[in-house]
Amino acid sequence: MFDNFLFLSSASLTIVGALAVVLAPNLMHACTYLLTALVGVSGLYVTLSADFLAATQLVVYVGGVVILMLFAIMLTGGNDNKSVNKFGIEKVAPMGNAKTFTLAGFSAFVMALVILKIIANVNKATPKAEMAPYETTVERIGELLITDHVLAFEISSVLLLGALIGAALIARPRRREQ
Amino acid sequence: MITLSSYLAISFALFVCGIAVMIARKNIIAILLGIELILNSAALNFAAYTRFVNHNLDGHIMSLFIIVIAAAEAAVGLAIVIRFFQIRESIHIDDATQLLQ
Amino acid sequence: MMNDNVVSFFSDSPPYQMLNEKLSWLLNFDTSGMLTFVIYFVAAFVIVNVMALVGGLGTYAERKISADLQMRQGPNRVGPFGLLQFLADGVKMIMKEDIIPKTSDKYLFFIAPILCMVGVFATLAVLPFSSGFTLTHLNIGVFYVLGVSSLVGVGIFLGGYSSNSKWSMLGGMRGASQIISYEVPVTLSIIAMVLLGGGLNFKTIVGAQGGMPHEWFIFHNPFTIISFVVFFIGMLAETNRAPFDLPEAESELVSGYHTEFTGMRFAFFALAEYVEVFVVCGVAAALYLGGYQVPFGLSSMEVLHTKIGLPMAPAKMIGQFLEIGGFVTKTVLLYYVVIWIRWTLPRLRVDQLMTLCWKYLTPIALFNLVGVAVWIYLFNGESMWNLVFKTGAAAAGHH
Chain A
2 MFDNFLFLSS
12 ASLTIVGALA
22 VVLAPNLMHA
32 CTYLLTALVG
42 VSGLYVTLSA
52 DFLAATQLVV
62 YVGGVVILML
72 FAIMLTGGND
82 NKSVNKFGIE
92 KVAPMGNAKT
102 FTLAGFSAFV
112 MALVILKIIA
122 NVNKATPKAE
132 MAPYETTVER
142 IGELLITDHV
152 LAFEISSVLL
162 LGALIGAALI
172 ARPRRREQ
Chain B
704 MITLSSYLAI
714 SFALFVCGIA
724 VMIARKNIIA
734 ILLGIELILN
744 SAALNFAAYT
754 RFVNHNLDGH
764 IMSLFIIVIA
774 AAEAAVGLAI
784 VIRFFQIRES
794 IHIDDATQLL
804 Q
Chain C
6 MMNDNVVSFF
16 SDSPPYQMLN
26 EKLSWLLNFD
36 TSGMLTFVIY
46 FVAAFVIVNV
56 MALVGGLGTY
66 AERKISADLQ
76 MRQGPNRVGP
86 FGLLQFLADG
96 VKMIMKEDII
106 PKTSDKYLFF
116 IAPILCMVGV
126 FATLAVLPFS
136 SGFTLTHLNI
146 GVFYVLGVSS
156 LVGVGIFLGG
166 YSSNSKWSML
176 GGMRGASQII
186 SYEVPVTLSI
196 IAMVLLGGGL
206 NFKTIVGAQG
216 GMPHEWFIFH
226 NPFTIISFVV
236 FFIGMLAETN
246 RAPFDLPEAE
256 SELVSGYHTE
266 FTGMRFAFFA
276 LAEYVEVFVV
286 CGVAAALYLG
296 GYQVPFGLSS
306 MEVLHTKIGL
316 PMAPAKMIGQ
326 FLEIGGFVTK
336 TVLLYYVVIW
346 IRWTLPRLRV
356 DQLMTLCWKY
366 LTPIALFNLV
376 GVAVWIYLFN
386 GESMWNLVFK
396 TGAAAAGHH
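Chains as they are written, first to last, in the working numbering: chain A, 2 to 179; chain B, 704 to 804; chain C, 6 to 404.
I should point out that these hints are in silico values taken from the structure, not numbers from a laboratory. Watch out, some of these pointers could steer you wrong.
Stated by the list, open to error - DSBU-like, lysine-lysine: derived pairs with alpha carbons at most 30 Å apart: (1) C:Lys111 to C:Lys101; (2) B:Lys729 to C:Lys107; (3) A:Lys100 to B:Lys729; (4) C:Lys171 to C:Lys111; (5) C:Lys111 to B:Lys729.
Stated by the list, open to error - What follows is a set of in silico ranges between Cβ atoms, one per label pair, in the way DEER data are often shown: (6) C:Val55 to A:Phe3: 23 to 33 Å; (7) B:Ile705 to C:Thr108: 45 to 55 Å; (8) C:Val53 to A:Ile171: 41 to 51 Å; (9) A:Leu104 to C:Leu200: 26 to 36 Å; (10) C:Leu32 to A:Leu104: 47 to 57 Å.
Said to hold, decoys possible - Among the chain A residues that face chain C by a calculated CB cut under 7 Å, a handful are: (11) Phe53; (12) Gly64; (13) Thr137.
Remember, it's a predicted structure, so these values are computed and weren't measured experimentally. Cβ coordinates follow ideal geometry from the N, Cα and C atoms, glycine included.
Using the sequences and the accompanying hints, generate a full structural model.
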């Protein structure tokens, strides 16, 4: 019973958050709704008995990516009133107009037709097997990362190093040539 | 009754919202928000299949790496957005149409 | 295997089973789910209320201890020794007018204090008060605490941004960057302790320690002492406590990111900060100082039931209360040190803060982690006291 309650609340948090990201006119509010959606996905991981994954989602996304987005919004003009910069371009980009939203709605509808058909086939195909009882995944994931998937583990550490250096290099402040 | 299809439906909803955000918005950072939603839907899919079909935790490893890669990609993407803002003073996607300025 | 939690602790006892049977017979369906919910609700209610009390008493303790350090009296009018001062402060804050700036972002202004509170109170679910009375012994307990306390950083940033004032914005950005920077040395220190303890579960890590000080992890090898110092400094910075309280400094930024918050909203920020300091001291006590272990094994069933001869049920309860007492004593001692440091050291500038984190604490924490791992490999996880005793015993046996 608690399982169902957790699943329903996490699923509603996720879907409401994702819809609000689509529809919110304010960029900072959209970031907050993304935070809600990510916390909802973490709750869904808990119902799937993926406890390590849920905690990783919280640490990396909530503590890292969302704060990064908020800082970037702050450093690129924030959400202040519209103004025109020296190129004659609008300083803060609008969040879409009627044309783009109708296009988005139409493509969402087309994708729904395709994907829901696939999901319906999945519903018929998977056998209703017994679900394994909950067991903690931390030790097992630790073993797998060091034995079976060690190459991906090491390459991802190199990738993170590259991303760190690259991001710092691209966004470093430059000396102004006056 | 919670089955595999319910998780696939939620993952589908996240994916469609992510694509809608990417098409509808004109702000580069808002488009990056949509990309995060899409990556999350893929990770949720992998975890759901591990629980219901696979049982050998390879899906969880894949979801972990998706989370790691999404964080790195968000960092580099936002660095590019900040550099773009330093040059063009705007984060409208229509101002990013030229390769050489 | 399910996580250990409060319900599994109670469900072994006869009164619970009797109650379950009676209620099932009375209401005609299986009431174990309902009883689980009721036990969780009561336990969470008790813990949250006690923590709110601790937050209030923390303000009183701060004023009394700072008064002692500055050779003055502190609050001594309201109640005996001024103990009810925090209640008077609470009533004052509730009755204050709730002012919202006109150009502020109302939605973000509303949720910023709530995010801080949620981030802090959610960590209370895994804080290891004792081996039975913890709400739940999550298998990922340490990781969960790290994840949920990142919500505080988001709350601080949104609070600073939504006030739409320059001082608050500066305070918010400095606070958020301080929190995310100091997460790195803190996480590395925690990982060193997880290596020693053998799991992310608080019960495993506390269980690997003993009651006497030479069995605590802080004295396990020279690297863990340095690790404790790094962790302590990092946690002072994470909770925005002096000497790292630049985001909320009175003389610099007119109270920083919570300038524009009045009354109950400001009370939320302050309460979140004091409870977070308690939680952080609790985590430090659990990871380094032996948590709820009491000396001589006094809280275990062997000593209480077999040696002293108490009956089963009271022995279990007395053992649990002894463990809670041990944990709270160690946490309160660390809390005293935190308050003492605040009123002793001057405030750090923001570039000194960042230099300390990235140029000093992070390399030290990295070398510590490698050092602890090398020690575990070389000496098979023995602490330095065990090695000294063994060589002493071997030398004595030789002669």
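Verification of the supplied hints:
| no. | hint | result |
| --- | --- | --- |
| 1 | C:Lys111 to C:Lys101 | holds (19 Å) |
| 2 | B:Lys729 to C:Lys107 | holds (29 Å) |
| 3 | A:Lys100 to B:Lys729 | holds (11 Å) |
| 4 | C:Lys171 to C:Lys111 | holds (17 Å) |
| 5 | C:Lys111 to B:Lys729 | holds (25 Å) |
| 6 | C:Val55 to A:Phe3: 23 to 33 Å | holds (24 Å) |
| 7 | B:Ile705 to C:Thr108: 45 to 55 Å | holds (46 Å) |
| 8 | C:Val53 to A:Ile171: 41 to 51 Å | holds (45 Å) |
| 9 | A:Leu104 to C:Leu200: 26 to 36 Å | violated (53 Å) |
| 10 | C:Leu32 to A:Leu104: 47 to 57 Å | holds (56 Å) |
| 11 | Phe53 | holds (6 Å) |
| 12 | Gly64 | holds (3 Å) |
| 13 | Thr137 | holds (4 Å) |
Consistency with the previously given hints fails for number 9 only.
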